[in-house]
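Undergrad: Can you make the complete structure from the sequences, with help from the hints?
These protein sequence lines are chains A and B, in that order. Here this note's numbering is used: position 152 in the first sequence is 204, and no number is missing along the way. Here this note's numbering is used: position 88 in the second sequence is 214, and no number is missing along the way.
Just so you know, these hints were derived from the structure itself, not from any lab. Honestly, I wouldn't trust all of these hints.
Some residues of chain B that are not near chain A, with every Cβ distance over 12 Å (derived) [what the hints assert, rightly or not]:
1) Met127
2) Asp132
3) Arg160
4) Ala167
5) Ser204
Straight line, CA to CA, 25 Å or less: simulated BS3-like cross-link-like pairs of lysine-lysine [claimed, not checked]:
6) B:Lys185 - A:Lys270
7) A:Lys125 - A:Lys247
8) A:Lys181 - A:Lys146
9) A:Lys131 - A:Lys247
10) A:Lys421 - B:Lys140
11) A:Lys117 - A:Lys146
Owing to the predicted nature of the structure, the values given are computational and were not obtained by experimental measurement. Don't be surprised by glycine CBs; every beta carbon is placed ideally from N, CA and C.
Here is how the chains run, residue by residue.
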Amino acid sequence: MPDDPRGPIKVLVPTGSLGAGAREEEVRYGIAQGAQVIATDAGSTDSGAAYLALGISKNNKGAVKRDLTILMKAAHEAKIPIVVGTSGQAGGDKNVDWTRDIAVEVARELGIRPKIALLYSELGKEAVKAKNAAGRIRPLAPMGPLDDATVDACDHIVAAMGPEPFIAALEAGADIVLGGRTTDTAVLACYPIMKGAPLGPAWHAGKIGECGAQCTVKAVDGSGVLLSIHEGGFDVEPLSAVNTCTPHSVSAHMLYENSDPFLLTEPGGVLDVTETDYQQLDPRIVRVTGSAWRPQPYTMKLEGASSGRFQTVMLVGIQDPIVLRNLDAFHDRMLDRLYHRVRTTIGEAAGDFHISLRLYGWNAVTGEKVPEGTPPPREVGVLFVATADTQEMATQIAKACNPWFFHMYMPEHEEMPSYGFAFTPADIERGPVYEFRLNHVVECDDPAELVRTVWVDLDQAEAA
Amino acid sequence: MATVNDVCRLVRSKNAGPFWVTIDLFFDGPESFRRYAQSEALGPATFARLYGTDPALVKRFPVESLSMVKISYPRSSSQGGMVERDLHCGQQFVRLLDVELD
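TA: See below:
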């Protein structure tokens, strides 16, 4: 930028999620364009609470290791830092440690010794209760005020970090920062903010780049984007030479997974894109101007995951025309029989159990009656889901239901039907029901108040 | 009688965090946007009927520059809970396609 003596600050976003498939040639291109940092998100709440409740990753180890190898090699050669947000899918302490171990393994294999900072933002229950008692935790719709019982029900609680802990680690000399739960935007915005970029464009660029190439015309043709933040706004360019960005592809991403298309609340402020303008700068690049940042008292969003009651499932496939031509009656009759069967064979011991039948190929996704006159499908898959207080009881219920689920007659059947099981044993223990229990924000006096920074000692890590 | 499907080139739905669902209706042009973005048929009562949500919490945001309207509402059951059928809410838009707009 001729009007900016420092030039733009360039952020290479290699992929929408670490482990989703960074591309070596794209990373090479971004670095050749002058990228000063590699920034990527590594998780999300989208796939449910299990990953936080269990401290496990959604992406497999091999995929994360593959991406980290590409990024760490390129960053080492270019002498630029890597920042990762929401490590290990959920950003809990266990998720961060899992990612740390992979990074240490990659460093050893590459023969490099990066300075690695770990940012932990998991909170103990007592700390959360104390904040709540002090009136520093507020609910977000549709949730109500927080109570101690809800806190106790959570297996793990994290606070979503802003850019400040990343900036502190980078200023302390980190080559790689592996963050716990972080807002998707903050991990991409941290480096430009550290370098003094205007806040509106820095945050907005973070939002647009959060899913990598998803803000491009052909998301399947590439994995990453290059964000260039400057005094006048920011530019978005796909890392793949065959891909393009258009004002529509970029502006439409502000809609994605946001309940509000104009305002995005982040730690310490609100991104406001009401007045934002999107222009085609060249055939591949879009320039975004007019994004505003409105500072607010510092808050961090809380996420808490619990594990609850247990489920056991069974699945049959059915092509029998007698069943298919009267599926709603089949569903209602079977559900009635199964409840009756459990009550008569297990009785009170079954507790407050629940059975659900989902007819895939008919109405499984909604569970609602299909319109009158809908023709029968060629086949349906019937998923049986039993929920009970213990895994053992859920399985006992499935076993009690098995003969009916397998063989239930319709009135027209002349002899006993047998529906198509795919597995033996027929019942599959699915584990607990995992749910998010918190939709609250915590007010902080300092952005680092709830964050612990730990430096990896590679000598010790390698000896371990 | 125009339905959502008749006047939109793209309708999509997705979870917006664990507690909200957001539906994006991209109209087939500015004319349909002007005519239907504020339609009563896309109001809170329809969302309460189709999705069992609290009508008082339904939010509607017309985006004129994209000829689209975004409508967001809280989930009626918990994400990944006992009766989950669409974890990422990516199939929820389908129930809206046949809604009659005028």
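Undergrad: Work down the list of hints and note, for each, if the structure agrees.
TA: For each hint, the structure was consulted:
1. Its beta-carbon lying about 16 Å from the closest one in chain A, Met127 of chain B satisfies the requirement of being farther than 12 Å from that chain.
2. Separation of Asp132 of chain B from chain A is adequate, the least Cβ-Cβ distance of about 17 Å exceeding the 12 Å criterion.
3. Listed as outside the interface, Arg160 of chain B is consistent with that label: its C-beta sits roughly 18 Å from the nearest C-beta of chain A, beyond the 12 Å cut-off.
4. Every CB of chain A lies more than 12 Å from the CB of Ala167 of chain B, the least distance being 18 Å, so the non-interface label holds.
5. A beta-carbon of chain A is positioned within 12 Å of the beta-carbon of Ser204 of chain B; the least distance is around 5 Å.
6. For the given pair, Lys185 of chain B sits about 30 Å from Lys270 of chain A by alpha-carbon distance, which is inconsistent with the 25 Å threshold.
7. Distance restraint check for Lys125 of chain A and Lys247 of chain A: the Cα-Cα separation of roughly 24 Å lies within the 25 Å cut-off, and the hinted pair is therefore satisfied.
8. A distance of roughly 22 Å separates the Cα atoms of Lys181 of chain A and Lys146 of chain A; the hinted pair therefore holds under the 25 Å criterion.
9. In summary, the hint linking Lys131 of chain A to Lys247 of chain A is supported, as the alpha carbons are separated by about 17 Å, within the 25 Å threshold.
10. In summary, the hint linking Lys421 of chain A to Lys140 of chain B is supported, as the alpha carbons are separated by about 23 Å, within the 25 Å threshold.
11. In summary, the hint linking Lys117 of chain A to Lys146 of chain A is supported, as the alpha carbons are separated by about 17 Å, within the 25 Å threshold.
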